[in-house]
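Given only the sequences and the hints, what does the whole structure look like? Please build it.
Line by line, the protein sequences give chains A and B. All residue numbers for the first sequence refer to UniProt numbering, where the first residue is 1 and numbers rise by one. All residue numbers for the second sequence refer to UniProt numbering, where the first residue is 1 and numbers rise by one.
Fair warning: there could be bad hints in the mix.
What the hints assert, rightly or not - Listed next, with one range per pair, are the computed distances between beta-carbon atoms:
hint: 1; chain 1: A; residue 1: R50; chain 2: B; residue 2: I284; range: 25 to 35 Å
hint: 2; chain 1: B; residue 1: K287; chain 2: A; residue 2: G173; range: 40 to 50 Å
hint: 3; chain 1: A; residue 1: E214; chain 2: B; residue 2: A254; range: 15 to 25 Å
hint: 4; chain 1: A; residue 1: A272; chain 2: B; residue 2: Q273; range: 42 to 52 Å
hint: 5; chain 1: B; residue 1: D148; chain 2: A; residue 2: A272; range: 30 to 40 Å
hint: 6; chain 1: A; residue 1: Q273; chain 2: B; residue 2: G64; range: 23 to 33 Å
hint: 7; chain 1: A; residue 1: E187; chain 2: B; residue 2: D271; range: 24 to 34 Å
hint: 8; chain 1: B; residue 1: T44; chain 2: A; residue 2: T268; range: 29 to 39 Å
hint: 9; chain 1: B; residue 1: P93; chain 2: A; residue 2: Y290; range: 38 to 48 Å
Honestly, the hints are just simulated from the structure, not real lab data. No residue lacks a Cβ here, since even glycine has one placed at the ideal position from N, Cα and C.
Number of protein chains: 2
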Amino acid sequence: MESGFRSTDWQQLTFAVVGMGLIGGSYAKALRRLGVKKIIGVDTDGKVLRQAQEQAVIDEALCGAGPGLQAADVVICSVYPAATLDFVKSAVPFLKSDVLITDATGIKGSLPEDVQRLLTGRMEFIAGHPMAGRQGSGFGMSQAEIFDGANYIVVPAAFNSSGAIEWVSSFAGAIGCGQVVQVDAVEHDRIIAYTSNLPHALAVALINSASYNENTKYFIAGSFRDGTRVADINPYLWSDLFLANRENVLQELAAFSQQLERWREALTAADAQALQEMMREAAIKRKDLY
Amino acid sequence: MESGFRSTDWQQLTFAVVGMGLIGGSYAKALRRLGVKKIIGVDTDGKVLRQAQEQAVIDEALCGAGPGLQAADVVICSVYPAATLDFVKSAVPFLKSDVLITDATGIKGSLPEDVQRLLTGRMEFIAGHPMAGRQGSGFGMSQAEIFDGANYIVVPAAFNSSGAIEWVSSFAGAIGCGQVVQVDAVEHDRIIAYTSNLPHALAVALINSASYNENTKYFIAGSFRDGTRVADINPYLWSDLFLANRENVLQELAAFSQQLERWREALTAADAQALQEMMREAAIKRKDLY
Numbered sequence: 001m002e003s004g005f006r007s008t009d010w011q012q013l014t015f016a017v018v019g020m021g022l023i024g025g026s027y028a029k030a031l032r033r034l035g036v037k038k039i040i041g042v043d044t045d046g047k048v049l050r051q052a053q054e055q056a057v058i059d060e061a062l063c064g065a066g067p068g069l070q071a072a073d074v075v076i077c078s079v080y081p082a083a084t085l086d087f088v089k090s091a092v093p094f095l096k097s098d099v100l101i102t103d104a105t106g107i108k109g110s111l112p113e114d115v116q117r118l119l120t121g122r123m124e125f126i127a128g129h130p131m132a133g134r135q136g137s138g139f140g141m142s143q144a145e146i147f148d149g150a151n152y153i154v155v156p157a158a159f160n161s162s163g164a165i166e167w168v169s170s171f172a173g174a175i176g177c178g179q180v181v182q183v184d185a186v187e188h189d190r191i192i193a194y195t196s197n198l199p200h201a202l203a204v205a206l207i208n209s210a211s212y213n214e215n216t217k218y219f220i221a222g223s224f225r226d227g228t229r230v231a232d233i234n235p236y237l238w239s240d241l242f243l244a245n246r247e248n249v250l251q252e253l254a255a256f257s258q259q260l261e262r263w264r265e266a267l268t269a270a271d272a273q274a275l276q277e278m279m280r281e282a283a284i285k286r287k288d289l290y
Numbered sequence: 001m002e003s004g005f006r007s008t009d010w011q012q013l014t015f016a017v018v019g020m021g022l023i024g025g026s027y028a029k030a031l032r033r034l035g036v037k038k039i040i041g042v043d044t045d046g047k048v049l050r051q052a053q054e055q056a057v058i059d060e061a062l063c064g065a066g067p068g069l070q071a072a073d074v075v076i077c078s079v080y081p082a083a084t085l086d087f088v089k090s091a092v093p094f095l096k097s098d099v100l101i102t103d104a105t106g107i108k109g110s111l112p113e114d115v116q117r118l119l120t121g122r123m124e125f126i127a128g129h130p131m132a133g134r135q136g137s138g139f140g141m142s143q144a145e146i147f148d149g150a151n152y153i154v155v156p157a158a159f160n161s162s163g164a165i166e167w168v169s170s171f172a173g174a175i176g177c178g179q180v181v182q183v184d185a186v187e188h189d190r191i192i193a194y195t196s197n198l199p200h201a202l203a204v205a206l207i208n209s210a211s212y213n214e215n216t217k218y219f220i221a222g223s224f225r226d227g228t229r230v231a232d233i234n235p236y237l238w239s240d241l242f243l244a245n246r247e248n249v250l251q252e253l254a255a256f257s258q259q260l261e262r263w264r265e266a267l268t269a270a271d272a273q274a275l276q277e278m279m280r281e282a283a284i285k286r287k288d289l290y
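Next up, the structure:
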């Protein structure tokens with residue numbers, strides 16, 4: 001068994017979770033379920049910290065960077081992309097010299113390099129992205145189960161040690177995730193634009209259609225329910241994510257619009273074969289996914 | 001307690017379910033759960049009839065219209081739109097003089113009038129549309145539970161008796177449906193284009209995007225899973241439904257494209273406020289739905 005932050009002896013490790021929102025709260029609950037040594041919750045919102053402490057989700061509460069972070073072997077940043085940088089900058093003086101920092105940010109860009117640049121000594125940042133979430137936002141909506149079976153993307157940068165990459169991969173499995181995959185930041189952002197950003201945009205667009213009215217709810221079935229499930233998301237966080245990835249998302253919107261154009265053409269031409277072909281293609285792909 | 005087909009004494013009624021597919025099979029299973037007197041399954045596929053009989057989902061099997069239909073107080077047509085007309089035409093000579101016929105067709109058009117025109121005596125057709133379904137197709141995918149809590153649309157025509165309207169509304173509740181609403185056929189088709197046809201088209205378009213590849217599955221989260229759930233549908237049935245409703249669906253595609261255009265503009269202009277506004281609007285509407 002290794003010592004220090006590369007240990008996977010979870011019961012011996014102290015974690016700091018920065019941001020007690022939907023994802024951060026879920027991390028804390030998953031860590032509790034995993035039985036780690038100690039969970040430090042960090043948030044600027046004292047109310048949410050009290051709530052997390054009262055529910056025994058965290059052992060200690062910090063309203064920001066401070067000496068209390070010294071105990072953390074691992075820091076998980078679950079805050080807005082820009083806030084990760086700010087937090088790490090203020091936290092560095094208090095952190096263990098071999099601390100491992102990871103994140104859950106839905107868009108990477110230059111974040112890994114930017115964070116690592118702030119670190120000193122043997123501190124290391126390794127980017128991660130649990131493909132987990134649910135509608136809503138905030139600590140009240142958090143739950144350990146969001147990780148169960150979810151994909152977990154590890155996004156190593158050139159500076160990362162193999163130990164850190166292995167640690168975060170094991171960690172993903174330990175909190176319940178299924179498939180763990182590795183891609184670089186550029187590829188991550190490109191793929192995520194399709195598999196996450198686009199479906200969120202479509203859900204928002206579907207429910208925002210001019211055809212929606214107060215009677216819509218009496219006529220919806222599963223297709224509408226599922227197609228709009230993620231329309232209820234945190235507008236501030238997601239506008240950040242969308243803007244940080246906007247070139248990729250614009251490309252995905254264009255690729256998607258080409259498919260809508262296929263629909264428009266097939267319907268205009270009353271082309272049953274073209275419609276069936278699109279649906280057969282989709283059915284095969286969907287079956288391949290699950 | 002009334003006698004004849006307007007009775008809601010379910011245990012005394014014999015039902016014929018025409019089409020043992022996903023929806024017809026689910027009706028038969030829901031009727032079994034309801035404890036009706038007898039269930040006659042009708043299908044051209046002898047294998048599926050045997051299967052339904054072996055599983056005790058139906059009491060009697062008919063491979064088409066014939067004297068066996070005489071016992072039916074109620075006939076539920078769960079076949080392709082065009083097949084409903086064909087079946088009723090061939091069945092009329094065998095049906096009870098006061099039989100009630102209903103359907104589950106996802107598009108109405110002139111179907112109610114067309115079917116009623118074939119009927120004689122006190123036979124009555126009342127159109128219905130359970131907003132229930134699931135991925136896949138065929139008897140093997142059927143289950144009584146698809147009706148539980150689902151909306152049920154009753155589509156009365158000018159010729160319908162209040163007794164028939166009331167009966168089908170009670171019946172919807174009896175098999176587990178939640179909200180039962182009434183609209184005429186024109187309105188039904190217009191609304192369904194938005195609440196059902198469009199989400200299915202979007203799901204197919206999302207998974208058919210040029211960005212999809214064999215690695216997509218490792219990067220998907222709930223938003224992609226939910227957004228593509230109904231991409232796996234029966235291509236033949238659904239091309240019929242889409243074509244029969246194509247004017248309405250084309251309008252919905254146009255209305256949806258306007259929303260995508262809002263996304264494109266907001267992203268191009270890097271307009272955080274516009275993005276947040278769209279998401280706030282969507283979140284409010286989504287919360288109002290459920």
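Evaluated hints:
no.: 1; hint: A/R50 x B/I284: 25 to 35 Å; verdict: holds (29 Å)
no.: 2; hint: B/K287 x A/G173: 40 to 50 Å; verdict: violated (34 Å)
no.: 3; hint: A/E214 x B/A254: 15 to 25 Å; verdict: holds (22 Å)
no.: 4; hint: A/A272 x B/Q273: 42 to 52 Å; verdict: holds (44 Å)
no.: 5; hint: B/D148 x A/A272: 30 to 40 Å; verdict: holds (33 Å)
no.: 6; hint: A/Q273 x B/G64: 23 to 33 Å; verdict: holds (28 Å)
no.: 7; hint: A/E187 x B/D271: 24 to 34 Å; verdict: holds (27 Å)
no.: 8; hint: B/T44 x A/T268: 29 to 39 Å; verdict: holds (33 Å)
no.: 9; hint: B/P93 x A/Y290: 38 to 48 Å; verdict: holds (47 Å)
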